[in-house]
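Residue numbers (full-length UniProt numbering), protein chains in the order written: chain G, 1 to 444; chain P, 1 to 224.
Since the hints were derived computationally from the structure, they do not count as laboratory data. Heads up, a few of these hints could be off.
[Said to hold, decoys possible] Here are the in silico distance ranges between beta carbons for each label pair:
hint, chain 1, residue 1, chain 2, residue 2, range
1, G, Glu219, P, Lys22, 42 to 50 Å
2, P, Ser110, G, Lys350, 48 to 56 Å
3, P, Asn190, G, Asn365, 50 to 58 Å
4, G, Lys417, P, Ala89, 28 to 36 Å
Owing to the predicted nature of the structure, the values given are computational and were not obtained by experimental measurement. Heads up, the beta-carbon is just placed ideally off N, CA and C, and yes, glycines get one too.
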Amino acid sequence: MKLSTKLTLFITGSKLAIVGLFVLLLPFLVGQIAANYTNFSLRNQQKKVLQNINNKGLDYYLEGEENYGSYTMLKDEYIALEAAVPGLKLDTIRDTKRIVEQDTLAYRVLSFTFQKNKKNYLLEIGKTTASINLYNDALQRFALYVLIFLIALSIIIDLIFTRQLIKPLSQIIKLRLANTRFPFKKNPGNITTSTYDFKYLDESLISLMDQINEAFEKEREFTANASHEFMTPISILQNKMENLLTEESASETVQEHIVDMMRTLERLKKISRSLLLISRIENEQFSKLEQLEPQKLFNEIAEEISHRMEEKNIHLQVNLNQQIKIKNINHDLLFQLFYNLINNAIKFNKDNGTIKITDGLEKGNYTIYVIDSGFGIKAEAIPYIFDRFKKTGHAENMGYGLGLAIVKSIANYLNLKIEVSSSPEIGTTFKVTFEKTLSLHTAY
Amino acid sequence: MKVLIIEDEKTLAFEMEKFLKKAFFLCDLAHNFKQGFEKLEMNQYDYVLIDLGLPDGDGFDLLTKAKKSNPDAAYIILTARGKLEDRVAGLDMGADDYLAKPFFLPELQSRMQAIARRKFKVAEELLPLGNFNVDLQKRFVFFGEEQIELSRKEFDLLSYLLLHKNRVLTRIQLSEHIWGNFVDDDYDSNYIDAHIKNIRKKLNIYAPTDWLETVRGVGYRIKK
């Protein structure tokens, strides 16, 4: 899951949880507040009544009667003053029921006893619970709406902010990691952020990439230099042997030995040349502006390689159906790539075997398949076949393991994708995929 | 034919000289830019072989200068750099050919001969070969008036052997001539033998080909 999605989910989730809790508590809280407020107003009324009694005497209420009682019109509130049993002491506020003119009503009642003129009196002030809780629902609903609005607002703000906050991360990924092919470009753009962590991450990545580039550069330089430096001594040895071979004093045996030495030297020469080619490809010393028709390319390769196929009586079927031209490519390198693949298909083929070349479109990308009927490659060997000097070896004299390394570096350079599938004893298929930008449909 | 070999690697220069002498070239050696320049000022050569990597100057510079003092000479650039741009630049600057080191000496000689055919317009008759005649320019083999079909590679092989007649050429020398220094994963193959077999088969229909000798353990030779 993406970090932004996770953050969004977390923020929304935690807010909803808190809001949920609050909503659950809301009736209780509102009830509590209403009760407290009622208590407070009951006490106020009590104070007012006592004040009146003190100032104006009991008769202000009793008017000579034993009891006094008064209701509001809708019986929402009442006040009662009566003589109480001597010794009764009360000062409470509680919910209780009262029968008022045949109606049983729930009241919150303040009961208070006091002494006046050496007599005990009980004062009751009541308020119906219905009137107390009259506004609770409305209040709760209002609170809920306000809350939902505020939460929604804060989630939106959070989303915008987190998105803004973690934007540099996706920039770093996009700019530094995704779509970057090795070797990495120098100065691939700046990332502006005031977040220290992102700055640190970006700087670390840049320095890491620089280190990798440097190591790669060194290896490349070494390969190029080493294979170059080999060329002169190889030249000298080779030309000396050639001259020695034509020497009249050289007996047949000596000549044969010289030819043996030349063959060994040839091997050294080819290894050096292959390494040099790889380093030249990696140094991007080839143009990528050519166009070619696959059919013509395979005709050329077939002509070049026919003698190899004749040795093992291998049949090459080139069956290309797509009307396509390959563009932005280097002819010689693509030639070398398929030459090596076909050469490989010959080497690891059985006598009288076949090699099929077919093509197709996969998700709109032009694809060429090189399918052989050879020994196949063991599954555990497949990840290593493109490594330099790696021999998947079946028989001796199969070359020195640079053919596929060259294929790999050409594919990298030309932006081609190579996939291998193989089943032992049935054969191997190399699939070469060209990006859309590399193919050109031609209508005949 | 006079050849100036400008090559800082002395052993290599000596080996080239030794080989070319046997093919009746007169050789002069220079081991650096200065010597090369002096010799070019003083003498006229038919061929100038220039190594690009000279210790005291750029081979391309020398080529430009040499073209002034020896305008009629044929120039071949020799280099271990082997870069494509060098090749293009060299040919642009008026070099006649370009050989990447390491090269085989018969290859050098055949390139020189090819330039001679092109540049000095050496009128070539049909080259006799046993009972056959070979037209190197038009790339045909004739038996009397009859033209014999050889594949491109077969003809290349035959003409290369013919150019170096009486000299044994190894399979490696032959295959490098035919397939170039194309980077190839194999170092041993008998495809040269297959081609030779085909040539013999095609020509034997008309006349014996005993002039095409197999030198056991070494290679092939055309003997005349």
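- Task: Hint says 28 to 36 Å; check whether the CB-CB distance for G/Lys417 and P/Ala89 agrees.
- Result: Given about 34 Å between the Cβ atoms, the range holds.
- Task: Take the C-beta atom of P/Ser110 and the C-beta atom of G/Lys350, compute their distance, and say whether it sits inside 48 to 56 Å.
- Result: violated (39 Å)
- Task: For G/Glu219 and P/Lys22, compare the CB-CB distance with the range 42 to 50 Å and indicate the outcome.
- Result: Once the Cβ atoms are compared, 43 Å apart, the range 42 to 50 Å for P/Lys22 and G/Glu219 holds.
- Query: Should the hint that P/Asn190 and G/Asn365 are 50 to 58 Å apart at their CB atoms be regarded as holding?
  - Reply: Because 40 Å falls outside the window, the suggested range is violated.
Checked against the numbered hints above, the structure breaks hints 2 and 3 and satisfies the rest.
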